[in-house]
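Asker: Below are the chains, spelled out letter by letter.
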Amino acid sequence: MSDARTMPGSEQARVRVRMGRRTGSISRRRRLGLILRLLVAAVAIVFALFPVLWVISASFNPTGNLATQQLIPRNPSTINYQNLLTNPLSPFGSWLLNSLKVSVLTSVLGVISIMLSAYSFSRFRFQGRRQLLLGLLLVQVFPTLLMFVAIFYLFQQLGNYIPFLGLNQHAPLILTYLGTQMGIQIWLMKGFFDSIPRDIDESALVDGATHWQIFWQLIFPLARPMVVIVGLLVFIASYNEFVLASVLLKDVNQYTLMVGLYLFVSDAFTQNWGIFAAGALLGSLPVVIIYLALQDQIVGGLTAGAVKG
Amino acid sequence: MMNDIKARGSSEPLAPPSRNVLGYLLRLGGLAIVDAFAVWFLYVLLRDGVWPIAIPVALIVILVNIVNLNERLAAMRWQIPAVSIILLIVVFPIAFTIYSSFTNYSSGHILSKQQVINQLEGRLYLPEGGPTFAWAAYRNPDGEFGLWLVDEAGNKFWALPDAPIEEAGAVSEDIGPVDDDGYPTRVGEYRRLTGGDLFRSLEALNGVRFGEGDEAVQIRNTRQAATLQPRYQYDPERDAIIDQLEGTVYFGNEERGYFISEEGQNLLPGYQVMIGTRNYERLFTSPAFRGPFIRIFLWTIAFALLSVVTTFALGLLLAMAFNDPLLPGRKLIRSLLIIPYTLPGIIGVLIWRGMLNPFVGVLATTSQSIFGWFPPFLTDPFWVKVGILLVNLWLGYPYMMLISSGALQSIPEDIYDAAAVDGANAWQRFWNITLPLLLVSVGPLLIASFVFNFNNFTVIFGYNEGRPPIAGSPTPAGHSDILISYTYRIAFEGGRGSDYAYAAAVTVVIFAIVAILTLIQFRFTRQWEEVSESV
Amino acid sequence: MKPQKTWLAILLLLFASFALMACAGGADNAGETPAEEIEEEPATAPTVEEEPVEEMTEEPVEEPTEEMTEEATEEEEATEEADDGAVVRDPEADLVIWADETRAPVLQGVADMFEEEFGVVVAVQQVDFGEIRNQVGIAGPAGEGPDIFVGAHDWLGELVANGTVAEMDLTGIEDQFEPSALEAFTYNGILYGMPYATENIAFFCNPDIVETMPATWDDVLALSEELAPQGITGWTIETNDPYHWFPQITAFGGYVFGVTEEGYDATDVGLDSEGAIAAAEWLGQMVEAGFVQPGMDRNTRLALYNNGDLACFNGGPWDLPDLRDAGTPYMVGPFPAGTAGPGEPFLGVQGFMISPFSEDPLLAQAFLTDFVATEDVMFQLYEAGGRPPAFLPALERVEDEDLQAFAEVGANARPMPAIPEMSAVWSAWGNAQELIIGGELEPAEAMMEAAQQIRDAISAANE
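Chains as they are written, first to last, in our numbering: chain A, -10 to 298; chain B, 37 to 571; chain C, 83 to 545.
Don't take each hint at face value.
What the hints assert, rightly or not - Calculated Cβ distances over 10 Å to all of chain A for the following chain C residues:
#: 1; residue: Gly201
#: 2; residue: Gln258
#: 3; residue: Leu303
#: 4; residue: Leu309
#: 5; residue: Ala310
#: 6; residue: Gly345
#: 7; residue: Thr349
#: 8; residue: Gln367
#: 9; residue: Ala419
#: 10; residue: Glu441
#: 11; residue: Leu474
#: 12; residue: Pro475
#: 13; residue: Asp538
Stated by the list, open to error - Output of the computed footprint for chain A on chain B, the stretches with three or more beta carbons under 8 Å from beta carbons of chain A:
#: 14; segment: 60 to 74
#: 15; segment: 118 to 132
#: 16; segment: 354 to 363
#: 17; segment: 370 to 382
#: 18; segment: 473 to 481
#: 19; segment: 486 to 498
#: 20; segment: 543 to 555
It should be emphasised that the hints constitute simulated quantities derived from the structure, not laboratory data.
Each residue gets a CB set at the ideal place from its N, CA and C atoms; glycine is no exception.
Okay, chain A solo, but in the shape it has when bound:
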């Protein structure tokens, strides 16, 4: 019986264990299951990574024509990477730093605002709470395609009085990303807070703590796994965003990575897919690294019963 309790996992495994105990063929069943799963993994990985291998191959292909390359390029060379990193007209390093700066700031500020808001929705009852919740969701639903004109106007005006909120700055971009992403994340976070029992809050209140203290000292540590997840989601969304960034940023040195990369393929007649691929790969690295680094936290946090309505 100890096996069943100490092996969390899919129900299939458990059932097999039970049945196996009865029939005495534990290992075979388990092995079959494992093999099946590894097969699935193999297929899935091929599906997932084949296009990525293509991008990698394109980045080492000096002729830069997307349609015609092979998996292993005819004349592999690193010239795309060289061009990418040394061209003064396309400061890849600056772009990367800009993207990181914007995404990290958005992530941090976003998580704080989201948590405050979600905590309030979860713990307090105030007039208009349901309306506000619904409102947050509904404004999220508005097609953002046409928002850029209004946003451009907004920051163009603001920039006249508060320079760092003007055009071609990063602060407006951060604000815009915050505005467009927080709605759904507040819902997610609220759901999570709802799953943390109120007893904790109540007993602390009885002891004379303020809500502020409860939030920071009790709830926030418990919420860490969710914080990581939400932070990561916001980071990725900000990092990969392109349309609004291209509207608000005008100077090549201010571009974020996606805007900069687009330059390489925007002119229909001088497309350079090779450099684009190289840039895309290098540009995706931060996200991959961050995910891998935080993987334990994410998975561990989720294992502790985090995501729950």
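Using the hints, position chains B and C against chain A.
Answerer: Structure of chains B and C alone, referenced to chain A:
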């Protein structure tokens, strides 16, 4: 120690925040600073007439004040950061878009009426037979300018602003020695401007009338100065622009946004006017609306729905398959599987587009050599949809896998054990326990994914720009177009260049549709009741 | 319940005020002059966004004050300059030029020389070519636009209608430009730009496969039949690219808009004219025989050609680097003839334009006519962009035979219509092409449908 089941039942609200003297004082202090800034900022904004920004700022500040001073609203204070930002960044553009849909903001109508008047009045022309001169500019120590003119016959003149033009011979000032190009280096105290000095002074020299009245001469370009006249004059009483050259009178037309002559000639450029609901009327009565609209609408819903279903199915399948911590290489497998999510969407789409190319794409050539056939993923109306869903599946399943993973592991094992004891088989366990519990937690995310894909311009446009085209459609439309790409095309590739106002109207309609759909879905998944339970 | 109602009321009020604000904003735009006055007063407090967060965190009140003083000094230093040193419109620049990444370096050289010699600051901002077109309409009226910008001649219809381009004065140097280029930049009788490059497509063939270039389109059909057994396609075309298809249409007498004295006439749509339909039917023959297949785009076409699987195609000077890099031999020549003579491609002209919102139009004009319109600079622009110069002295210096061939074909090229109604044309026309190549519609039907769509779009827009 998260025993969620117990917590879920509790629906008693917490006691409102208590008073804390130090916090209160600090809050008051902060509030005072915010108010001080707001007063300054609003003053500046209003002084410059920037109403659209002043109003949301004022509203935000008022809200902040109310919420901080009214104890009953103390819970709202926590909402301030998020809600202020959303008010500014999202609600303002929404209002702006709605407003625009009632104007004619489009190609040919982007300036305001006053801007158009300014521009027209600034246009100059050279009357027939008007003299033209070669010129050199001079400046005296006080910074005043003078102009040396040589007309086509070779006569020389000296001109000062608002003073009669004198013939060179009659100039009282002492004229300095003549330069190589025939101009004196100095006239009285006026020294000739050349090179950098000249170029830097051009801005100031622009528009200066040298001479008096109708004789006055202006610099036209680096080679010429001439008696230029303003071509257009605005008459506020009649609200008309009069063409001085040809005598035509153009009357301001607030319905069309142009100055229009009696013969119906539009004077370019036009200007922005409010046109009420005309954009909406056009939308609902135009053949474009009735034509392919229904078909595109249905495909948009199908696309969004199928995207969610397929990505969730695959994501869940993979999450379940790799849930077992004893599986070797589990961490590695998971890391590899998440990679499509880390690539930016547009790049993924373009890569797939290249691979699916029927002539030279790797998948096509491989398939051709093995099977002798390859689905026409880019050219056939049915297969194009399959292709887009495939690409979207590739882009979206890692996200679903991620959230399913977490949700799965939060389901307590006791339930499964109990079910197994009752004799439920694996499928029953999945369908009756796993899935419902999962949907409760990831439900909102699925809805969000639906909404995201409903407006997923990137994938549709990146894949094949909405093509292949639908034959027999009254306006250009494609088989893989969704509402938003179709809108984009109507708006920006319409009969007259870009029509932002019209696009705004269509956007509002799309928004209304999606909002309704979202609300319906909410009811359907009983999320609303969930919320009301914990209210 | 009363409190509920107050909340609803507040929310309603919010939305109402936003609507009102937006209205007021629209009306207010009338009062703004193009040149924005920049406030010099120092900011006395951090932004609205930061305040609430600071309140919430209960941090000492000192922090806001520090930010206040920091901002005050920053403000006083340079009103419009941003923290990171990047600018939208550099107030210290006397002239701002928007150029795309190909042209920007050349102009930067001129700007540097200009600044050195005359002390006049010319700032060259690199903006994506397509973006320039969109942004001059937004940034210009707002005072953030350039003085000079590069662009294509077919933007004129929209720019003139929007009031975002100023007249160009080339008196004294007009005769140094290609007449057709000047004509392309003339709209309603007024010259609006200074051309620097022309571009048009021509006919390419692989000399290894084809000895002499086909003289008529029927020859092209025959060639395709001959090469088919060898697995080589004689000629093909992109599936949805009317620009490349045009020369085949004109060869049969087709046209897109009729031409009158005043330029293109939007009421005369020529896509369903006899000539156009005849051209479409020829294409239909190529499709039926299987020579022209759907799913073709530019990259694929080049790949096929470089692989030796394609004999001839319609291509432009931008294809040359690709062919040269791959080492595939090629010949450039005039288009085959149809019933109405040799095919004539579209002519595209790129040039410099001046913004009517410029504060220093005289300087802008002088910069262009005196410093850019020189043989050296124009030649540099040619070297950077790979297009035949529109400036005659520079054109004479060009030794590239291929570009000369393009220029020859270009002598008969038709300027792309600049009228705003052109935007309705591309989608409909391209779709007709795709429907024909996909075999979904008969050629005549497809062209008539396209022409009707265009007429409908134009009349709807002009209501």
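Asker: Take the hints in turn and mark each one as holding or not.
Answerer: For each hint, the structure was consulted:
{"no.": "1", "hint": "Gly201", "result": "24 Å, holds"}
{"no.": "2", "hint": "Gln258", "result": "27 Å, holds"}
{"no.": "3", "hint": "Leu303", "result": "27 Å, holds"}
{"no.": "4", "hint": "Leu309", "result": "21 Å, holds"}
{"no.": "5", "hint": "Ala310", "result": "22 Å, holds"}
{"no.": "6", "hint": "Gly345", "result": "27 Å, holds"}
{"no.": "7", "hint": "Thr349", "result": "31 Å, holds"}
{"no.": "8", "hint": "Gln367", "result": "27 Å, holds"}
{"no.": "9", "hint": "Ala419", "result": "27 Å, holds"}
{"no.": "10", "hint": "Glu441", "result": "17 Å, holds"}
{"no.": "11", "hint": "Leu474", "result": "25 Å, holds"}
{"no.": "12", "hint": "Pro475", "result": "26 Å, holds"}
{"no.": "13", "hint": "Asp538", "result": "24 Å, holds"}
{"no.": "14", "hint": "60 to 74", "result": "violated (count 0)"}
{"no.": "15", "hint": "118 to 132", "result": "holds (count 12)"}
{"no.": "16", "hint": "354 to 363", "result": "holds (count 9)"}
{"no.": "17", "hint": "370 to 382", "result": "holds (count 13)"}
{"no.": "18", "hint": "473 to 481", "result": "holds (count 6)"}
{"no.": "19", "hint": "486 to 498", "result": "holds (count 3)"}
{"no.": "20", "hint": "543 to 555", "result": "holds (count 6)"}
In summary, the one numbered hint that this structure violates is 14.
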